[in-house]
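Please build the complete structure, drawing on both the sequences and the hints.
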Amino acid sequence: MRPARDITHAPYALQYDRPGDDTLVVRLAGSWKLEEGLPAMTELQRHLEVTPRVRRLIFDAHDVTAWDSGLVTFVREVVEQSTSRQVVVDQRGLPAGVQRLLALAAAVPEQEAARRRGARLPWLTRIGTAVLSGWQGAWDILSFIGDTVLASLRLMRGKAFFRRVDLALFLQQCGAQALGIVTLISFLVGLILAFIGAVQLRKFGAQIYVADLVGLAVTREMGAMMTGIILAGRTGAAFAAQLGTMQVNEEIDALITLGIPPMEFLVLPRMLALMLMMPVLCVYADLVGMLAGLLVSTTLLHMPLMEYLNETQRAVHLVDCGLGVGKSVVFGALVALAGCLRGMQSGRSAAAVGAAATSAVVTGIVWIIATDGMFAVVTERLGI
Amino acid sequence: MAATMPRIAVKDLTMAYGSVVIQRDVTFSIQPGEIFIIMGLSGCGKSTLLRCLMGLVRPAQGEVCYDGEPFWAASAAERARMMRRCGVLYQSGALWSSMTLAENVALPLEAYRALRPRALRAVVSLKLALVGLAGCEELYPFELSGGMRKRAALARAMALDPDILFFDEPSAGLDPLSSRRLDELILELRASLGATIVVVTHELASILTIGDNSIFLDVETKTMLAVGHPKTLRDASPEPKIRAFLRRGEADATTA
Numbered sequence: 000m001r002p003a004r005d006i007t008h009a010p011y012a013l014q015y016d017r018p019g020d021d022t023l024v025v026r027l028a029g030s031w032k033l034e035e036g037l038p039a040m041t042e043l044q045r046h047l048e049v050t051p052r053v054r055r056l057i058f059d060a061h062d063v064t065a066w067d068s069g070l071v072t073f074v075r076e077v078v079e080q081s082t083s084r085q086v087v088v089d090q091r092g093l094p095a096g097v098q099r100l101l102a103l104a105a106a107v108p109e110q111e112a113a114r115r116r117g118a119r120l121p122w123l124t125r126i127g128t129a130v131l132s133g134w135q136g137a138w139d140i141l142s143f144i145g146d147t148v149l150a151s152l153r154l155m156r157g158k159a160f161f162r163r164v165d166l167a168l169f170l171q172q173c174g175a176q177a178l179g180i181v182t183l184i185s186f187l188v189g190l191i192l193a194f195i196g197a198v199q200l201r202k203f204g205a206q207i208y209v210a211d212l213v214g215l216a217v218t219r220e221m222g223a224m225m226t227g228i229i230l231a232g233r234t235g236a237a238f239a240a241q242l243g244t245m246q247v248n249e250e251i252d253a254l255i256t257l258g259i260p261p262m263e264f265l266v267l268p269r270m271l272a273l274m275l276m277m278p279v280l281c282v283y284a285d286l287v288g289m290l291a292g293l294l295v296s297t298t299l300l301h302m303p304l305m306e307y308l309n310e311t312q313r314a315v316h317l318v319d320c321g322l323g324v325g326k327s328v329v330f331g332a333l334v335a336l337a338g339c340l341r342g343m344q345s346g347r348s349a350a351a352v353g354a355a356a357t358s359a360v361v362t363g364i365v366w367i368i369a370t371d372g373m374f375a376v377v378t379e380r381l382g383i
Numbered sequence: 000m001a002a003t004m005p006r007i008a009v010k011d012l013t014m015a016y017g018s019v020v021i022q023r024d025v026t027f028s029i030q031p032g033e034i035f036i037i038m039g040l041s042g043c044g045k046s047t048l049l050r051c052l053m054g055l056v057r058p059a060q061g062e063v064c065y066d067g068e069p070f071w072a073a074s075a076a077e078r079a080r081m082m083r084r085c086g087v088l089y090q091s092g093a094l095w096s097s098m099t100l101a102e103n104v105a106l107p108l109e110a111y112r113a114l115r116p117r118a119l120r121a122v123v124s125l126k127l128a129l130v131g132l133a134g135c136e137e138l139y140p141f142e143l144s145g146g147m148r149k150r151a152a153l154a155r156a157m158a159l160d161p162d163i164l165f166f167d168e169p170s171a172g173l174d175p176l177s178s179r180r181l182d183e184l185i186l187e188l189r190a191s192l193g194a195t196i197v198v199v200t201h202e203l204a205s206i207l208t209i210g211d212n213s214i215f216l217d218v219e220t221k222t223m224l225a226v227g228h229p230k231t232l233r234d235a236s237p238e239p240k241i242r243a244f245l246r247r248g249e250a251d252a253t254t255a
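Heads up: the sequence lines are chains S and R, in that order.
Per numbering that gives the first Met the number 0, the very first residue in the first sequence carries number 0; after that it's consecutive.
Per numbering that gives the first Met the number 0, the very first residue in the second sequence carries number 0; after that it's consecutive.
If you're looking for bench data, these hints aren't it; they were derived computationally from the structure.
It should be emphasised that the depicted structure is a prediction, and the values quoted were computed from it without experimental measurement.
Each hint can be trusted.
Between beta-carbon pairs, the in silico distance windows are:
no.	chain 1	residue 1	chain 2	residue 2	range
1	S	Met40	R	Asp234	46 to 56 Å
2	S	Thr124	R	Asp66	51 to 61 Å
3	R	Arg117	S	Gly353	24 to 34 Å
4	R	Val226	S	Arg119	57 to 67 Å
5	R	Ala110	S	Arg163	47 to 57 Å
6	R	Arg80	S	Val130	48 to 58 Å
7	S	Asp371	R	Arg120	46 to 56 Å
8	R	Gln60	S	Ala349	28 to 38 Å
One-sided excerpt, in silico: chain R residues whose CB lies under 8 Å from chain S:
no.	residue
9	Ser96
10	Ala113
11	Leu114
12	Ala118
13	Ala121
14	Val122
15	Ala128
16	Gly131
17	Ala133
18	Phe141
19	Asp160
20	Glu187
21	Ser191
22	Leu192
We put the beta carbon where it would ideally sit given N, CA and C, even for glycine.
Dropping the structure here:
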């Protein structure tokens, strides 16, 4: 048999010999280290496929100067290829350390069951699975809302268990600490509304109605909605991340085994805090938004201050403010629900906590917009 | 001391967090191929010492030398190069939870070895087989038991064939049998890879089975009390604290 050519560019050398009829000698030499890369298996496969068939494979590693996992990996593959072709492998020619590592690697049989069932499912199955998981998701949301209602009922009877200091902390976190961003956003929204309105209304000489536009839009819609969306991104995500991390650290399990319902201990104070602070923030956002409108009108449109104030007072009724503030209470509850729901559903890994926070923000915003749409229809029907 | 250059030499190390001194004047050396145990009561600064050796916490004073090369005096890039020959098994595994076991083991290989995908898969499969997790490539860490997670973390620590392996409480949270199997694995890996192994532990059985040399850190005096083979320390240490520690507080009279 013709000896296989050496791989000369590498610091290691590999050679296959057929001294006898049924024996293949794998000659190894040089430095077999992982950083040098590993030879391909094609050469060996060719030698194993050749007739007359190889029945026995032996190693000659006398000239190996240095080795690490690279050699072990290569030999392990050679052994695998050979045994799958009913070739007997004699490992005695290998360095003692390699033999021991090979024995160690073979000591525990491969866990077939652990192999990922990676096969692609048929499309019908996939549709079915998607529908079922969608249904399960809706069911989870409903039962979470149900649990929250039950916990709220216990709260009203004064039986809910949570730490008052937690509530105070959440009030601070989602109230006072959110003032800056709420100021900025609602000021800009008021400013933009006034500009858009001014450009259009000036064409009809009706600049005075900028006051109506800004006042009504801010109090009825934008104040509540912008605060809701800000808090969904700021506080809802934080809630989901907190609860998700608690899930990872088994902290929620610790509450359950102590008999403390997580719905009361974790969800209630967060929801309560948001429902209390949202209307306050909403009133504040309304005022800042209207102030921005006033600034634009008096400085850029040269509208007299008193005229603007009178027009605003004439246009905006208490019921408009009430509607906005009422909505904000609902939005607060929705943001808290979305954050806590996704946090409690979080998986037990770092990536899952990130996914929970993302999902909390998306869920919160979707719920706010959808509810706002329903409010719009209902108030239109009722003529509010 | 032996004429050979110690693999790790620690000289007059003082560790402190701010003005709170954890340990002072710690001096010892670790020979190549040795299994070195850092022991002491909880809170004595074992883990901090390990973090000093691994380059995570800068010591307040003193120096750590790898093969005679000063570690903390070196630049950050030099330190990173020196750490590349070390593997670390963290206390709770510290597997990256968003990656499968195969990806966990493959990441150091991808970062530092230019391997083709096929070779990479083969190396990863070897490393997992070595720790008895053959076929678990596609599992995520949260799908594993505590013992399996430790072993997977060991596979990742060994990914780059390190000369030096650091183990932080390898048997914490394991049942006696798993913990013993892990000890056997450590001994086997040392024998076949020839690595130097530094272990922080207070598992007595482990200390006495695998330790070649050890250091005892004291909480009260905030310094090291002794260096030596664990069995010698147990039987012949002049310090009653060490004898009590290595006998679980049982009377001295019982001869082992």
